[in-house]
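S.K.: Residues per chain, in single letters:
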Amino acid sequence: MKGVMVVCEHLSGEFTDITFEMLGLATSLDSGEVSGVTFGAMGGKSGELGAASNVILAGGGDDFNPETYAAAVKVAVEAHSPGLLLVGSTSMGMDLASPVAAALDLPLVAYCTGIEASGGGFACTSSLYGGKMGVSSQVNSPAVVMVLPGAFDTDAGRVAGSPTVSELTVQESGGKVRFSKLIEPDAGDVDITQSGVLVAVGRGIGSKDDIELAEELAELLEADLACSRPIVDAGWMEKSRQIGKSGFKVKPRVYIALGISGAPEHIEGMKESATIIAINCDENAPIFDIAHYGLAEDLFDVCEELIEELE
Amino acid sequence: MKIAVLLKMVPDLVEELEVDASGKALDTEELKFKLNEFDDHALEEALLLTSEGDDVVAFALDGDGVEKLLFTALAKGASRGVKLTGTQSHGSGGQAAAFGAALSDGEFDLILTGVQSVDDREGQLGPLLAAHLGLPCISVVTGISLDAGVATVNKEYSGGVMAEFEVELPAVLGIQAARQPPRYAPVSKVRQIQQSATLEELVVDSAGPGAGSEVIAMAPPETGEGAKMLDNATALLEVLRAEGVA
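Going down the list, the sequences are from chains V and R. According to this note's numbering, the first sequence holds residues 1 to 311 in order. According to this note's numbering, the second sequence holds residues 1 to 246 in order.
Check the hints yourself; a few may be wrong.
As the list claims (entries may be wrong) - Here are some of the chain R residues that sit facing chain V, going by a computed Cβ distance under 7 Å:
(1) Asp119
(2) Arg121
(3) Glu122
(4) Ala131
(5) Gly160
(6) Ala219
(7) Lys228
(8) Val239
Everything labelled a hint here was simulated from the structure, so no lab data went into it. For glycine and all other residues, C-beta sits at the position ideal for the given N, C-alpha and C.
Build out the structure end to end from the sequences listed, making use of the hints.
M.R.: Right, dumping it as structure tokens:
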């Protein structure tokens, strides 16, 4: 059992960042040959997967059908017996890692932010409890490891080349899941990916009415208002304003986080902002680990004081 | 229509988390637990999908607060609450085995659970359970409609992009968000239910296959320098001015 196999994800005809993060990680592990599995028409872009020495075309469409993709990856793993299968801790990866691990009776470790070869297997660190704890596991090889997006450098894996390409024949399976269509997001009134300054509110804002305070501050700073996932799920703000894993990735000049704890899903969407300023009453909130400036005080007091000064 | 909803208690992250003496687990002494918020959305979606004559059955693993959790589910409109006792595992693999044992008779058309929880080191419960039961699974679901043995669901990707899938029932769905915020059950109603309803209990064996992985340490993440901490709003205003935004 040798080598590292990477499940290469794509969206809208492009390989996604997590693919290159995992390829970079795979080459750095020095655990034998690196191979990539890809689907549908992405085989035509195998030259972008130069960090891998071979690319396996697993057929299927470009439809991310979890049932067919998981079946294909299972066949690829059976055929090549890698010591490690890397899958993104992503929407697509979530429906793929578990069925593959279960079908082949392999251990599965999720939310990995660190991994190295250790004792014939791997030592993995998972970011759990909203990013507040790092949990280290010793994992037997072969294993399936889900890699947290944003944890590794994409540059190391973004290498052009000409990997050997092989096609994999996969039996039609199940047929219980059928892809219908992709749905592009509704354009909101503001495109937050283009904003220079963002004021983002999180769960700490407490109630829908209090968002007004953040709105007032945003206006005075000529910033756009954005939010983390729980605010959208609560129905307090539109999805077009959501930052993070299932929302938008933003890189404003200045990002002001109000009452956002900094769960990995949120950080994935804003960590490339040039200057991050976090206000949160919990001084242990993980957002302070990645922020440039922090203020561990009640966000309402701070907002009111800022608004008063700015007016 | 019979829908099973799987509920999990997770540590409340508002509390400070500390590592216990073993160095491998959370110190649960001072820890407060609450319902995994995504599970709350799964319950809400189940209630929205059903009408009179349908069944929504809430399942939860035994543990602190589980009875209140299940009575609250009943107060919100679930028809039955089932507590799973027996060998309990903390890992998501073992939890999937326990829920799998409870659901193996195939009486449910749909099994809903939260898309993920803050402690699922071994992977997410939904797809693990689906693999266990041999059912199709879609995770990160935000919209469901049901018609003649088929669920049409929206699965979220990044950047606000979604895919629509059709899934043959029975199926497992990992819910990201219900189509409306989870309803609230007033304490008085929960108390009332507590006196009139009884919870069911089911002994399950959650001894699944070995995890093949072992926790060796737990610690707050090592971070870089971290933020330069400011003293007050005035200092913050200076930073904003220096950045040219105020």
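S.K.: Each hint: holds or not?
M.R.: Hints versus structure:
Interface restraint check for Asp119 (chain R): the shortest CB-CB distance to chain V comes to about 6 Å, inside 7 Å, so the restraint holds. Given the 7 Å rule on beta carbons, the hint for Arg121 (chain R) holds: about 5 Å separates it from the nearest Cβ of chain V. Interface hint at Glu122 (chain R): satisfied, since its Cβ lies 6 Å from the closest Cβ of chain V, which is below the 7 Å cut-off. About 3 Å separates the beta-carbon of Ala131 (chain R) from the nearest beta-carbon of chain V, less than 7 Å, and the hint is met.
Hint status for Gly160 (chain R) relative to chain V: holds, with the closest Cβ pair at about 3 Å, below 7 Å. Residue-level restraint check for Ala219 (chain R) holds (minimum Cβ-Cβ distance to chain V is 6 Å; threshold 7 Å). Annotation: interface hint on Lys228 (chain R) holds; nearest CB of chain V at approximately 5 Å, less than 7 Å. The interface hint given for Val239 (chain R) holds, since its Cβ lies 5 Å from the closest Cβ of chain V, which is under the 7 Å cut-off.
When the structure is compared with the earlier hints, no violation turns up for any of them.
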